[in-house]
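Take these sequences, add in the hints, and give me the full structure.
Number of protein chains: 4
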Amino acid sequence: MINVGIIGGAGYTAGELLRILIWHPEVKIAFVQSTSHAGQPIANVHKDLLGDTDLIFAKADYTLVDLIFICSGHGKTKAFLEQNELPENLKIIDLSTDYRPKNNDKGFIYGLPELNKVSIAKADKIANPGCFASCIELGILPLAASEKLQEEIHVNAITGSTGAGQNPTTTSHFSWKNNNVAVYKAFTHQHLAEITESILQLQPEYEKAINFIPVRGNFSRGIMATIYTECNMTLEEAKELYQNYYSEHSFVSISDSIPDVKQVVNTNKCVLYLEKHGNKLMIISVIDNLLKGASGQAVQNMNVMFGLNEKEGLGLKPIGF
Amino acid sequence: MINVGIIGGAGYTAGELLRILIWHPEVKIAFVQSTSHAGQPIANVHKDLLGDTDLIFAKADYTLVDLIFICSGHGKTKAFLEQNELPENLKIIDLSTDYRPKNNDKGFIYGLPELNKVSIAKADKIANPGCFASCIELGILPLAASEKLQEEIHVNAITGSTGAGQNPTTTSHFSWKNNNVAVYKAFTHQHLAEITESILQLQPEYEKAINFIPVRGNFSRGIMATIYTECNMTLEEAKELYQNYYSEHSFVSISDSIPDVKQVVNTNKCVLYLEKHGNKLMIISVIDNLLKGASGQAVQNMNVMFGLNEKEGLGLKPIGF
Amino acid sequence: MINVGIIGGAGYTAGELLRILIWHPEVKIAFVQSTSHAGQPIANVHKDLLGDTDLIFAKADYTLVDLIFICSGHGKTKAFLEQNELPENLKIIDLSTDYRPKNNDKGFIYGLPELNKVSIAKADKIANPGCFASCIELGILPLAASEKLQEEIHVNAITGSTGAGQNPTTTSHFSWKNNNVAVYKAFTHQHLAEITESILQLQPEYEKAINFIPVRGNFSRGIMATIYTECNMTLEEAKELYQNYYSEHSFVSISDSIPDVKQVVNTNKCVLYLEKHGNKLMIISVIDNLLKGASGQAVQNMNVMFGLNEKEGLGLKPIGF
Amino acid sequence: MINVGIIGGAGYTAGELLRILIWHPEVKIAFVQSTSHAGQPIANVHKDLLGDTDLIFAKADYTLVDLIFICSGHGKTKAFLEQNELPENLKIIDLSTDYRPKNNDKGFIYGLPELNKVSIAKADKIANPGCFASCIELGILPLAASEKLQEEIHVNAITGSTGAGQNPTTTSHFSWKNNNVAVYKAFTHQHLAEITESILQLQPEYEKAINFIPVRGNFSRGIMATIYTECNMTLEEAKELYQNYYSEHSFVSISDSIPDVKQVVNTNKCVLYLEKHGNKLMIISVIDNLLKGASGQAVQNMNVMFGLNEKEGLGLKPIGF
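These protein sequence lines map, in sequence, to chains A, B, C and D.
Using UniProt numbering, the first residue of the first sequence is number 1, and each one after it goes up by one.
Using UniProt numbering, the first residue of the second sequence is number 1, and each one after it goes up by one.
Using UniProt numbering, the first residue of the third sequence is number 1, and each one after it goes up by one.
Using UniProt numbering, the first residue of the fourth sequence is number 1, and each one after it goes up by one.
To be clear, the hints were calculated from the coordinates, so they are not data collected in a lab.
For every residue, glycine included, the Cβ atom is placed at its ideal position computed from N, Cα and C.
Hints are supplied without guarantee of correctness; some may be wrong.
[Stated by the list, open to error] With a straight-line Cα cutoff of 25 Å, these simulated BS3-like cross-link-like pairs (lysine-lysine) come out:
#: 1; chain 1: D; residue 1: 276; chain 2: A; residue 2: 185
#: 2; chain 1: A; residue 1: 208; chain 2: D; residue 2: 148
#: 3; chain 1: B; residue 1: 208; chain 2: C; residue 2: 276
#: 4; chain 1: C; residue 1: 311; chain 2: A; residue 2: 311
#: 5; chain 1: B; residue 1: 239; chain 2: B; residue 2: 276
#: 6; chain 1: A; residue 1: 311; chain 2: A; residue 2: 117
#: 7; chain 1: A; residue 1: 208; chain 2: D; residue 2: 208
#: 8; chain 1: A; residue 1: 280; chain 2: D; residue 2: 185
[Unchecked claim] What the simulated footprint calls covered on chain C by chain A, stretch by stretch (three residues with Cβ under 8 Å from a Cβ of chain A suffice, anywhere in the stretch; the number is not a length):
#: 9; region: 7-19
#: 10; region: 47-58
#: 11; region: 253-259
#: 12; region: 263-269
As structure tokens, then:
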């Protein structure tokens with residue numbers, strides 16, 4: 001059994017981790033830390049866990065655990081690591097952006113198993129990728145791996161509301177968001193940095209622009225990215241390239257029909273779909289932003305780090321509707 | 001032309017008033033007061049008015065207007081009236097709960113035209129009814145008017161998110177509310193007071209319970225109330241009673257088929273529908289909470305107060321979908 | 001291992017069964033029968049199963065299985081049993097209404113484990129309850145079991161769209177249903193029959209009306225029933241009664257805070273909540289209509305029939321959002 | 001007064017026309033033709049019109065009208081014109097695709113007032129533009145008019161469900177569409193033809209690709225198009241170009257903040273917004289697909305054809321929420 005602790009247990013990604021981990025056959029949850037809710041049952045905050053667990057938010061005790069998941073939010077992991085003395089052999093999976101850049105000073109490995117599975121298996125510290133980044137990278141990496149990227153890449157990706165976290169704001173207000181969509185951070189989204197790093201890891205000389213327009217969607221979970229670029233392969237060649245690239249990766253499927261977001265909601269899967277139009281190859285990529293885009297991927301990384309089958313505990317019932 | 005001012009111009013009900021009044025043929029908007037947004041174009045806040053108006057949030061100047069709409073929020077009108085010296089002949093329509101009780105000390109008339117049209121026509125001060133109250137009273141008043149209420153009344157009513165105002169909270173958060181419903185304030189909702197007063201105005205000896213369960217719906221606009229009580233009339237008699245009661249009221253229709261909420265969204269209408277099952281008469285009542293339940297009714301009251309056709313400026317295109 | 005077959009594999013309840021059974025540790029799916037889709041991969045129809053299974057829709061072969069689930073739709077099971085000769089020892093769980101009445105001529109047991117667990121454990125043929133019926137009965141049965149029902153029961157229940165099946169109709173059209181609610185079959189819904197039978201099984205002399213208003217909600221999954229009736233217990237006594245009644249039942253929890261539908265979506269759970277107002281006891285009951293209201297309960301019944309823990313394979317990750 | 005008739009009165013675009021025309025001060029609706037619903041009140045079909053009109057679906061009588069709107073659906077107008085002998089001076093506005101190509105054999109003028117207002121004013125027959133086409137063309141035409149298009153254009157546009165009409169299908173089913181998005185007809189959508197023709201009318205030598213990815217959105221009304229292309233103007237120059245191009249057009253506004261779809265829902269407006277990133281100019285364009293994308297634009301065309309102010313009858317209350 002892997003003994004795990006969760007830091008920052010009251011937020012969305014921690015809740016999603018708990019929904020997975022309480023059923024994971026190889027995991028024991030030793031503590032769920034929360035400053036704001038210490039002493040309360042976790043089912044008071046993550047109400048859908050009522051009846052599933054009697055866990056209480058508690059203080060962290062690093063002597064009890066093999067691994068901690070840090071769910072404190074972007075910018076807070078650095079401070080956490082400075083302020084806390086952690087056991088040397090304690091493994092860490094951080095869900096924030098803080099240590100995603102390759103040249104980080106703590107030796108964190110970028111935790112996209114479909115890119116870095118070998119390094120992850122040997123790593124002690126994992127920086128879990130961003131949700132948009134996961135969805136988009138999975139759609140592009142096979143091209144980069146065979147150095148097929150030549151021209152600019154065009155990406156439009158629409159995300160569910162949970163991607164923005166649980167803080168209530170003007171744009172998370174139901175009255176605004178219901179039946180509504182809007183663009184934000186066009187061409188400047190912070191995930192462009194990690195997407196670019198991952199592409200360059202595989203095709204270092206690629207230097208064209210990645211044009212990325214993120215959209216706020218009026219649904220709770222999921223991301224659909226639509227990607228296209230010029231490509232001199234036929235559709236069949238491209239499909240074969242993608243099939244080969246993902247042949248050893250359990251969570252990525254190539255679909256023969258156009259996917260929709262709900263096809264992957266409440267699963268750790270990524271579904272890809274390809275079309276060729278003239279000289280453009282279009283790739284559609286869909287994931288659940290809280291699973292393959294966050295907590296599901298964190299568990300997948302844990303599985304890889306501890307030598308388990310990467311699917312362990314991740315055979316999740318899809319929502320379907 | 002009626003010169004009007006709006007106090008508290010940045011909230012939901014004020015926005016809705018503006019959407020109506022800028023097209024009202026007999027109204028000139030003299031000022032839209034907002035403490036928080038003074039000096040800004042109103043289209044910066046009510047963004048759907050871009051291109052329709054160049055109005056700027058400004059200070060109130062009561063010498064310019066015949067009528068003010070007070071949209072400051074519940075509990076704030078009393079303070080406003082204490083702190084401001086208003087011209088004697090200035091008419092007021094208040095959208096808060098503050099002066100809805102009959103025995104209020106300022107002479108406000110409860111502004112449900114289908115109950116009090118004659119008094120409203122002579123009034124200077126109107127307390128605009130609550131949204132749930134409007135929907136439910138319109139479903140019950142014909143029975144009370146002919147003293148047909150005998151036993152308890154059972155009401156379940158589901159409301160759109162705009163009924164809770166624009167303040168972002170846990171239960172207005174899209175991630176929570178999307179695809180979700182929940183009960184709140186069962187048997188204790190504050191609108192029960194005005195509903196009871198209106199019933200007793202017509203059938204003073206009625207003393208049975210009104211069991212009211214309010215539900216938060218996952219839509220933006222609209223209320224559907226389902227009401228039933230024992231009744232010794234046939235369905236035909238009941239329909240005739242309702243038809244007669246509303247024969248002089250432009251905004252209430254009796255439907256022969258089951259209504260849905262969207263049938264009235266973006267209109268000032270109330271659609272009623274009746275069924276008889278055993279000794280129970282069931283009435284379904286649907287309105288748009290921001291229109292017949294708030295700002296549309298406020299304009300209807302203004303029309304009645306100033307001797308206009310009550311429909312003036314309220315020939316609104318329904319949303320349909 | 002239990003070898004199971006599914007009859008009518010292309011519909012909603014069959015899809016939901018498959019989403020559960022492919023991960024159930026004690027089940028082998030021997031065939032998934034579909035007349036309309038024979039020969040196709042089931043992931044072509046239930047697209048969210050892409051990557052999870054390579055099963056193909058096939059003909060039924062009753063010699064391969066211990067149990068069949070019949071998902072053909074209401075009214076079709078009778079015909080199916082007449083037209084097919086089944087092995088004597090083949091167990092059946094039927095998800096239609098056909099054999100829910102107690103006095104059915106084939107010996108089907110009404111499969112609500114919280115009412116009939118002992119009989120289910122010995123049964124060969126189970127009639128799986130209706131979705132509304134499950135939700136409402138779980139809210140009322142503890143009162144009936146202690147003969148506390150005295151007066152009429154008032155029920156309003158709102159259901160997700162999947163309750164109406166996959167046939168595209170006017171009222172399943174997104175343009176109509178989105179942001180909309182409407183009543184249907186008020187006081188006459190077909191589930192009243194089984195609700196009444198279950199209550200009478202526990203409190204045979206109860207003879208008051210059950211007033212039931214069903215509502216079409218604008219969400220995909222879930223039912224929320226709001227129930228009240230006169231009751232001479234205190235709130236504490238009522239809570240204790242409910243806690244005791246469900247103490248041996250894994251899927252029902254009594255909540256201390258108002259539940260919402262999403263709290264149980266994608267789980268087999270039922271969450272109950274009680275309030276007392278004057279002499280009225282109000283019970284809120286929420287379930288996922290496709291799980292505790294259909295396919296999840298079918299699996300729970302299978303577990304009970306085969307002597308497994310009733311939770312086996314039903315430790316499902318909630319959707320949360 | 002303009003006497004108008006509607007052909008094909010039971011569909012979405014006809015319903016939307018009726019919602020506008022019954023309040024239009026210069027219009028008398030002489031007949032609303034429907035083969036399927038002849039003899040029924042139109043409020044039986046377009047239920048939100050209950051209480052607003054007593055019109056009955058009837059046979060067409062062309063001697064009564066100055067203008068007909070043809071709302072029969074794509075491909076049916078050609079057959080209609082062959083099978084019916086119409087008075088010579090009868091004006092026609094056709095909402096189908098049939099006569100949108102410039103070189104049509106009946107002299108239909110493409111009815112985008114912001115492109116062809118002078119020709120429309122003199123025309124007898126108008127082909128009303130497509131919804132996507134209207135939204136996208138309004139975002140691009142100022143560039144084409146000053147011959148600023150140089151490189152490929154990249155367009156992603158998401159549409160509400162009403163764009164697909166009222167026929168119930170798999171992808172219009174609420175259970176599928178709710179909380180879901182999906183791409184369709186990428187790079188091949190039929191509106192590309194009219195978009196290209198309109199661009200070439202203004203910048204005839206432009207010959208680069210227009211890459212267009214349409215997306216089915218999970219909302220009822222509205223289209224948001226995100227468009228970008230290389231452009232050597234500064235943002236300020238581009239804004240000025242757009243302001244100038246639309247200075248005489250009442251329904252198009254240039255916004256200083258990022259627009260969302262609901263900003264224009266239930267109006268005939270188009271809101272545009274510009275950003276510059278490197279050498280890319282991004283334009284966001286939002287309209288209501290049933291209004292500026294269909295029936296609202298048809299009324300605008302009627303106004304122009306009959307010498308009225310183009311805004312007459314189109315001062316519509318926005319939905320806001």
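Cross-check of the supplied hints:
| no. | hint | verdict |
| --- | --- | --- |
| 1 | D/276 <-> A/185 | holds (12 Å) |
| 2 | A/208 <-> D/148 | holds (23 Å) |
| 3 | B/208 <-> C/276 | holds (18 Å) |
| 4 | C/311 <-> A/311 | holds (21 Å) |
| 5 | B/239 <-> B/276 | holds (10 Å) |
| 6 | A/311 <-> A/117 | holds (13 Å) |
| 7 | A/208 <-> D/208 | holds (20 Å) |
| 8 | A/280 <-> D/185 | holds (14 Å) |
| 9 | 7-19 | holds (count 4) |
| 10 | 47-58 | holds (count 6) |
| 11 | 253-259 | holds (count 4) |
| 12 | 263-269 | holds (count 6) |
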